[in-house]
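Undergrad: Residue numbers (this note's numbering), protein chains in the order written: chain C, 79 to 399; chain V, 79 to 399; chain E, 79 to 399; chain Y, 79 to 399; chain X, 79 to 399.
These aren't lab readings, by the way, just hints derived from the structure by calculation.
The structure presented is a predicted model; accordingly, all values stated were derived computationally and were not measured.
There's no promise every hint is true.
One copy or two, it doesn't matter: identical chains are merged, so the pair holds either way.
Claimed, not checked - SDA-like, lysine to any residue: derived pairs with alpha carbons at most 25 Å apart:
{"#": "1", "residue 1": "Lys148", "residue 2": "Phe229"}
{"#": "2", "residue 1": "Lys394", "residue 2": "Arg254"}
{"#": "3", "residue 1": "Lys282", "residue 2": "Leu294"}
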Amino acid sequence: MLINCVAYQDGRKLADIPVADISEWVQRPGCFVWVALRDATDAELLEMQEEFTLHDLAVEDARHGHQRPKIEEYGAMVFVVLHLLEMEHGEVRAGEIAIFVGPNFVLSVRNHSEHGFLGVRERCEREPELLRHGAGFVFYALMDSVVDRYFPLLDTFETELDDIESQIFEPGAARRNIERLYALKRRATVLRHAVAPALEVAGKLHGGRVPAVCALTQDYFRDVHDHLSRINAAIDGIRDTIGTAIQVNLSMVTIEESETTKRLAAWAAIFAVSTALAGIWGMNFEHMPELKWAWGYPMALAAITTAAGILFWRFKRAGWL
Amino acid sequence: MLINCVAYQDGRKLADIPVADISEWVQRPGCFVWVALRDATDAELLEMQEEFTLHDLAVEDARHGHQRPKIEEYGAMVFVVLHLLEMEHGEVRAGEIAIFVGPNFVLSVRNHSEHGFLGVRERCEREPELLRHGAGFVFYALMDSVVDRYFPLLDTFETELDDIESQIFEPGAARRNIERLYALKRRATVLRHAVAPALEVAGKLHGGRVPAVCALTQDYFRDVHDHLSRINAAIDGIRDTIGTAIQVNLSMVTIEESETTKRLAAWAAIFAVSTALAGIWGMNFEHMPELKWAWGYPMALAAITTAAGILFWRFKRAGWL
Amino acid sequence: MLINCVAYQDGRKLADIPVADISEWVQRPGCFVWVALRDATDAELLEMQEEFTLHDLAVEDARHGHQRPKIEEYGAMVFVVLHLLEMEHGEVRAGEIAIFVGPNFVLSVRNHSEHGFLGVRERCEREPELLRHGAGFVFYALMDSVVDRYFPLLDTFETELDDIESQIFEPGAARRNIERLYALKRRATVLRHAVAPALEVAGKLHGGRVPAVCALTQDYFRDVHDHLSRINAAIDGIRDTIGTAIQVNLSMVTIEESETTKRLAAWAAIFAVSTALAGIWGMNFEHMPELKWAWGYPMALAAITTAAGILFWRFKRAGWL
Amino acid sequence: MLINCVAYQDGRKLADIPVADISEWVQRPGCFVWVALRDATDAELLEMQEEFTLHDLAVEDARHGHQRPKIEEYGAMVFVVLHLLEMEHGEVRAGEIAIFVGPNFVLSVRNHSEHGFLGVRERCEREPELLRHGAGFVFYALMDSVVDRYFPLLDTFETELDDIESQIFEPGAARRNIERLYALKRRATVLRHAVAPALEVAGKLHGGRVPAVCALTQDYFRDVHDHLSRINAAIDGIRDTIGTAIQVNLSMVTIEESETTKRLAAWAAIFAVSTALAGIWGMNFEHMPELKWAWGYPMALAAITTAAGILFWRFKRAGWL
Amino acid sequence: MLINCVAYQDGRKLADIPVADISEWVQRPGCFVWVALRDATDAELLEMQEEFTLHDLAVEDARHGHQRPKIEEYGAMVFVVLHLLEMEHGEVRAGEIAIFVGPNFVLSVRNHSEHGFLGVRERCEREPELLRHGAGFVFYALMDSVVDRYFPLLDTFETELDDIESQIFEPGAARRNIERLYALKRRATVLRHAVAPALEVAGKLHGGRVPAVCALTQDYFRDVHDHLSRINAAIDGIRDTIGTAIQVNLSMVTIEESETTKRLAAWAAIFAVSTALAGIWGMNFEHMPELKWAWGYPMALAAITTAAGILFWRFKRAGWL
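With the rest of the complex left out, here is chain C:
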């Protein structure tokens, strides 16, 4: 579905143009065309391929989707794929954006995502002095917008992790903690699969040899690269902490079980002593003098209570109860 198809010159919008005229506008010096598609059909992609003379393999990738984030250069054209991530009912949903950038055009194809870029276009049109940099700057603005939306996810993950950590030494919370840690690791992995290759992409857009179309906007791409490394380092931190937390959780379960075993042992001992004593006075020997005593029964009860009391006190002191 076509969202927008606009021609710009000197940082200002010239006109919404029909798709069929793109190839003419692209020829005009100092002018560039910015097209946005969403869940594009094969026919739309074919039309774009003809208007912009895109490479077969790049169009193929944009059509099939399910690519890793990546950057590829075909002559003067740059082809970039990035993941669009959204939280939905506690799950991370991954969409995709494919961006074709040439010296005088930008074509973005968004798939499986509600994440629109109208705001980017508006902001760009409000800052003509920056938009004057041309296709490279639009490319930066799109990528920056994609990366900016990774931060709220990261925040969600860090909040969730803090929340789990605050309960990690809570008795009885082990099962729930493990389940939450595991689910969090899965979600962090999705973000990582989006960020780590995107970091590589950004790394190729500043510093050493850079595609010609991005040469003037290197400082901006370094900024994006910097954001991505921050996210990446944060994810690594989260993953590392999850690993330790799972290990610590296992320790806590073992410690709790050990305490339960001790308490069980203590009570078992107390009752075993009582039962053994009662059993002895329940034997049927004829000559058991104490059975005849008037105070025999109270004394027996006292003996049992005392034995149990002494054990209770000793276990208490040893911290078993």
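Given chain C, put chains V, E, Y and X in place with the hints provided.
TA: Chains V, E, Y and X in isolation, oriented as in the chain C frame:
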């Protein structure tokens, strides 16, 4: 066993040619020969070595088999080994293909695999404008076909992993989960041993210095490289998840055991109290007034039931039962 | 909030100057301006940007804060972010300092930190022969002061770790050890997130290609780099030791539990034997000759005591009790 | 002990020569000398040093032994150390070979190993067209022979690992599995210590800058390098699998223990109920009407059996028994 | 404390010289000065700084101590720090040596260590043909001596590890094994902290760009580098083995506990059956015909013994007892 031996020119099939004539066809300018062998005998390999003047070490490798995927250059000739993987009764079976590529020939030797390449030849012959690129394009088409068949395996693994993950917090499923995770890790390792070195191979076929025969098809090999990195990253993800899942599974077993221990402790305590009380009233002292009471027995039963009930209620509240 | 705004020449302080005059002083040859801000407002930053003609992106970063430590070059200007760490009630609190360095100015913006740099300025003014090196030396002095304050944190961590290690084989200390190890790992991670990227920063300030403004002070930055690698290696050591200690702790818990189980088993056996024997003599058979014996009861007690004694002695010998 | 001392020219053996004449033969153009020593004495090494003018440090290393595999260049001479591994009573025994290669000589010194190289010499002498390559080829032939004997070890390890894996889910095999896995890891480590540095050695003998004496035999050394990487990858696989297997084994032990605990709990509950019921009817209250009933006893037995039966059935259904 | 201050020429000792004359002797062509200090005071260091014109930062490092091993170049001077390790009462004690090397001087400052270097000086003076290489050779001789004393430590560690490994499957040794493994890991870490950065140091003294003063002794430093890599690889091996051993030890404890639990369960079952049977015949029903039988009691005993015997035999067969 010889499968095919065909000469091509300008992207079109000229003729099926006899093996003995290969060395002549290879001389003709603008013409290239594409030979496919399967489970080749020593005699066949020797004949090929003579016709194409292949290097001893490469022929040796093709004969012995059981190589890691690799690429080697002998002068203008490129020698590549790749693994062919097939699922068979839930096990991954590994075959091998050795490909010799020269400026005007491609020779593929397939071993221990049902995985044929007739489809590749047909598709190539249907697209003469691409086949015109010569031996380098045929080489790409073969490699692409090998790599494409790794994806279904990867899908099987990911489905299996999802299935295990959905049961990882299921009580009582621990043993089966561990067995499945271990088996899955083994299978993923076979795929990894095919993919990781193939990634190195593909990396040498685009970008920096590239063998002359592949110089014009670099964009295609970059595409193969990209597929391989996607698979490789996915396998790394699977392996990482398996590691965490085994750890989590161990935690779950420990947690379950801990819960069993608690329940055991609770019931043991309840019965121990009952038994101890019954033991006390079973003692043979002469002066135990309550034994004479008309309501002694019901009261004793009530006492025992009450004690057991209180314990039951407290354990219930503590979540032990 | 403005802390200081001073012009220097030949290593000596010329005058405290008003902010509005900065752009003039910066023009004078052989003269440089050193400005320190704290928790700067947007207006202050804007004024600085105009006086020093700073790059948008750098000022943006200084305003938003929460950056990873990093270095960025904008033409002849260097922009550096470092973390300021302070211990507060056993927690590590992270502030931030952003430093802009040009050929003839240094601007430091400190955020969320009590950690002042007046001492640095005083020391610099006492050593004019070093301050003569200009902005590069001031930059070094600031960075050195930041890094020097990491060492007390490291010492705290190492003392804490030594303390935990001295209790790691203590029976019953497992839960507390785990909690302390986990908390220590968190704190060490904060330091690591400050040090590891700062190490990268320092690495870019000596050795290979170095920003022009730091060219004469490379030996000093190598010293800072060396301090940072020392801290980094120490943190890695701490993290590694924590990992092993958690594992060892888990082992100790399991060993302790195993010992408890054995002791429980031993006592259970001793009382089970007593109860079983008492139960036998408590049966109501008519023809149980020993019940009639005069010495029956003492013999029964003796039998029970002997059986328990033998068990006790055997368990003692086996180390179960 | 001197094994052989032979002069070659044009790939053919000229003569067995006395050690004292070596320095003359080495001078003759187109001629090279191949000497083999075994457990050489200091005197023999000194003589060789004089005849071949070897470097002090290299001779020192050959004398002391216990080196890591390594390659060192001294001017035009190459000095290589490799490990010779043999299985002996299930243990891996490590010997050593030091090889000195010059433009017209090869000297091999074998220590602590039964592993002879007469076969290598015979094979070389049978292939004069290859031996014509001179000292570099002899060096390759020796190294290839050393590496080839690593494969049977690897096979032993893989067979052993398969064998352990087939028993890893066997109940009751845990202790033995752990012992075998640990022993296997030790043995694999010995092989790894031989292979990993040898891989580095081989890597320096093909590709980039190569010692002059090996320049013509690069393709052969690439083949050796390839064999070594195959072994290295296989060892990494074995080590990784051992790690997972130990972890899985621990899980299996915990699962088995958990099952034992459940069964124990179940039987304990069944008997505790029986004992408690029997204890109640064993109380000495005067007014316990059921004790007087004619069918009291059979009913009590029935009650006990029914209670036990119900528990048994429920535990059976829950999979605890 | 000054140990030695000697001038050398052409590999021979000229004279013991007073410290005050150093700056003159250093000027003489072909002559070099070798000074050794121990636990130097600030005054001594200051004097040395003046005589040799050393860099501030290097002298600072030598004074403060507690540096990581490192190498730094200040113009033509090289400054190196190495750790001196000694075993003392089973603990590793770390001292330090700082070495300043210039074109015609060597100054060594030893701190917190009994480890003297008189032997090095004597050996050098006995080999004038080597000492003729000048300051670079003395530097090598000192470094070689430091590194050589790491080997006995490594041997101690490996012996200790072998000793622990021989007991790792011993029942009941788990706690002691863990404690020893943990202590060994700590000691190995100290050695590693000395060796790993020293390896970096040695790596900068041969091969690529080398400080001028060491240019002629590169082969010797390669030898030192080789020793250090051997030690480093051995420590890595030790650490890896310790990790596995701790894991295996944990498995052994769990296995042992599992066996204890089984034995406990078995005996508990045997006594529970006895007690339950005795309880049944201890009930007070009036109509229990077997209680009247003459052989009732022996039959009951027989029944109890038989039941216990059958259980014992079954548990024995199942390997629980």
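Undergrad: When the structure is checked against the list of hints, which entries are broken? Sort them ascending.
TA: none
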